[in-house]
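Using the sequences and the accompanying hints, generate a full structural model.
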Amino acid sequence: MTTSMRDEILNSVRQSCNASSAQAVDDRIGLRQPNVVPARGGGGDKISHVTFVEEAGLAGADIECVDALKGVPAALAAYLKQQESGGNLRLATDPLMQDIPWEQELFLKPASGAATGEDGVGVSIALAGIAETGSVMMASSPERPAMLNVLPLINVVLLPESRIVGNYEQSLNLVRGNMPRMVTYITGPSRTADIELELLMGAHGPQRLLIMLIGEA
Amino acid sequence: MQSKTAHFKENAKKALGDAQLQRVLDKFSTGFPVKRAQAAARLPEFEDLRDAARDIRAHVLDNLDVYLERFETKVIETGGMVHWARGGSDACSIIGDICKSVDAKTVTKSKSMIGEEIAINDYLEKNGVDPVETDLGEYIIQLRDEPPSHIIVPAVHLSKEQVAETFREKHTDLPADRVLDNPRILLDEARGKLREKFLSADVGLSGANMLVAETGSIALVTNEGNADLSVGLPRVHIVLASIEKVVPCMEDAWTLLRVLARSATGQDLSVYTSFVTGPKRSDDLDGPEEFHVVLLDNGRSSMLGSEFHDMLRCIKCGSCINHCPVYAKIGGHAYGWVYPGPMGSVLSPALLGDVSANDLPNASTLCGKCETVCPVRIPLPEMLRQWRNRQFEANQMPTRQRLGLRAWAWLARRPRTYRLVMEIGTGLLTKLAPRNGRFKNLPFAKGWTSKRDLPAPQGKTFMAQWKQRSNGGSS
Chain A
1 MTTSMRDEIL
11 NSVRQSCNAS
21 SAQAVDDRIG
31 LRQPNVVPAR
41 GGGGDKISHV
51 TFVEEAGLAG
61 ADIECVDALK
71 GVPAALAAYL
81 KQQESGGNLR
91 LATDPLMQDI
101 PWEQELFLKP
111 ASGAATGEDG
121 VGVSIALAGI
131 AETGSVMMAS
141 SPERPAMLNV
151 LPLINVVLLP
161 ESRIVGNYEQ
171 SLNLVRGNMP
181 RMVTYITGPS
191 RTADIELELL
201 MGAHGPQRLL
211 IMLIGEA
Chain L
1 MQSKTAHFKE
11 NAKKALGDAQ
21 LQRVLDKFST
31 GFPVKRAQAA
41 ARLPEFEDLR
51 DAARDIRAHV
61 LDNLDVYLER
71 FETKVIETGG
81 MVHWARGGSD
91 ACSIIGDICK
101 SVDAKTVTKS
111 KSMIGEEIAI
121 NDYLEKNGVD
131 PVETDLGEYI
141 IQLRDEPPSH
151 IIVPAVHLSK
161 EQVAETFREK
171 HTDLPADRVL
181 DNPRILLDEA
191 RGKLREKFLS
201 ADVGLSGANM
211 LVAETGSIAL
221 VTNEGNADLS
231 VGLPRVHIVL
241 ASIEKVVPCM
251 EDAWTLLRVL
261 ARSATGQDLS
271 VYTSFVTGPK
281 RSDDLDGPEE
291 FHVVLLDNGR
301 SSMLGSEFHD
311 MLRCIKCGSC
321 INHCPVYAKI
331 GGHAYGWVYP
341 GPMGSVLSPA
351 LLGDVSANDL
361 PNASTLCGKC
371 ETVCPVRIPL
381 PEMLRQWRNR
391 QFEANQMPTR
401 QRLGLRAWAW
411 LARRPRTYRL
421 VMEIGTGLLT
431 KLAPRNGRFK
441 NLPFAKGWTS
451 KRDLPAPQGK
461 TFMAQWKQRS
471 NGGSS
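As they're listed, the protein sequences go chains A and L.
For the first sequence, our numbering begins at 1 and goes up steadily by one.
For the second sequence, our numbering begins at 1 and goes up steadily by one.
Be aware that a few hints might be false.
Claimed, not checked - Once the Cα atoms are required to be at most 30 Å apart in a straight line, the calculated BS3-like pairs of lysine-lysine come out as:
id, chain 1, residue 1, chain 2, residue 2
1, A, K109, L, K193
2, L, K27, A, K109
3, L, K105, L, K197
4, A, K81, L, K193
5, L, K316, L, K431
6, L, K369, L, K316
7, L, K35, L, K369
8, L, K446, L, K14
9, L, K27, L, K431
If you are wondering where the hints come from, they were derived from the structure by calculation, not from laboratory data.
Written as structure tokens, this is what we have:
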């Protein structure tokens, strides 16, 4: 039954697409050329870095800069205390995460595995940062479960500075050819304006998004 | 969703007299247009992006059959399943069967106007499945058993007091005397309620903002994060999308995304922009085991190639609705079906396929604001005019209106006679004019004079004055 409905629909579409061309479609899909890319997402590495920080701030993200991975625990502990949050962390198991000396901050209690509804803080690693809109690109994998970004109340994203690119198009080759199940570009914390158009953070997802920019020191 | 488009006139009248609705609509109509203008002003390339977005959508529609086949192949390659549904009831039974196959009790839903179109919630409820809307606005109107009044802010017609009343009535497990006096408290209560649902649902049902032919991915865009939670936690993810939603490759998706949020809410990008490709991979810790895409036609393939072809370029941003002076006065419910405002007035008559929505294309002055803000440059006023044309051709208008139009058309095509009639009419009105220069009532013009005076003409017609001026060089 489904097969015949498929043919019915496609035939009906074909009747009006009489000039459609399989060659044109395959060429177009294969082209993979950026269309119009805003100048805001161009510029060199230095400019991208400045734009990223500016735009992420405008989108409502918090930004902490640390010199190296070993600086993460102290900066994160300070941030969480300031937010009056607990120190229980749900971590992605990304290889980069292994280099972070969590034991230096006793306040932080890291655990790995899939996120649960009770997790207060999720810590994951971005594949890229997009300067154009201050977005972080998250890609799911066994090491980076997708729900880590949306279930916890505070979403912490680690972003090595070298992963900042100017625009979305420049991030596509990181996943092209082998799309992870879930690729999410996050721009600021979860929000809604559904009640009398009043903007409120933390609708279903995190109330805060902390982007920790990791230097190359 | 049951169409009430046939009652447009009564409903519009009722809306105009509803003080509470007028208050929230005033707030609404000044908010989004300003934000869109600011977002557009911040991006010098915005107009070029609109051109590119229009071209992508037009190219896809010209080759839609091939794009659908390419998309289908990719979904299957990445482990998903594709189902084709000719009409709403076909889509309902496909989704119902998938739910039955996994013995689903609860389905979490992220906002989908296609879902409203086919009334999937009613169908699921009748079949013993509990559908839970997770977009905050949709959740509120689901509790109130109301249809959405806007495609991106579905509860925009409600005040916070009405929301509080609804929560008190429906969330009976919470203390009856709790304080619910501001949006933050209301949101936190809904967040708590929906969290339980996200974690316990068996199936997640979403729409799709786009279908990417290159990768077989679907794009989901939300600000709340509810789509990601709805489809990431249950065992099964079902996508319900209409056939025109395909885009060629990821670069094209991003061009459309650059204009989508800016046109909708004035944000540069929505908070969560997700590309979902197939089911959970073998070693993943989370994600659904099954990934189904239901492709729905429901009247769209017959719009292709018609005078309403370009309407299918629509990316459902709601910008035309946000800027429409008619919507700003009557709200979304008056339109009587899923899609309100200019896009709805073009789309509803086509999708409903009968005369019940005939009033909608007539409820416009064709001011053209919608076209100036449409990210894919759909000629909405021209298509509203096409509907009126069709109604005239098919003899679906009241006799008086039809005869009036016919008389006017006859006159308008004969400039000399037109000028003569105008001169006589102007002369007559000038002679008959009351001293204060305003007519309080006039025969055949009650529709005008019952609400306001008609100013009497001031001397000769424009054409006569123009002629005089060009001949004499001065007047």
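Okay, the hints, checked on the actual structure:
1. A:K109 <-> L:K193: holds (28 Å)
2. L:K27 <-> A:K109: At roughly 46 Å apart (the allowed maximum being 30 Å), A:K109 and L:K27 break the hint.
3. L:K105 <-> L:K197: With a Cα-Cα distance of about 11 Å, the restraint between L:K105 and L:K197 holds, given a limit of 30 Å.
4. A:K81 <-> L:K193: Given that 30 Å is the threshold and the Cα spacing comes to 28 Å, the pair holds.
5. L:K316 <-> L:K431: violated (53 Å)
6. L:K369 <-> L:K316: holds (16 Å)
7. L:K35 <-> L:K369: holds (16 Å)
8. L:K446 <-> L:K14: holds (22 Å)
9. L:K27 <-> L:K431: violated (46 Å)
Checked against the numbered hints listed earlier, the structure breaks hints 2, 5 and 9; every other hint is satisfied.
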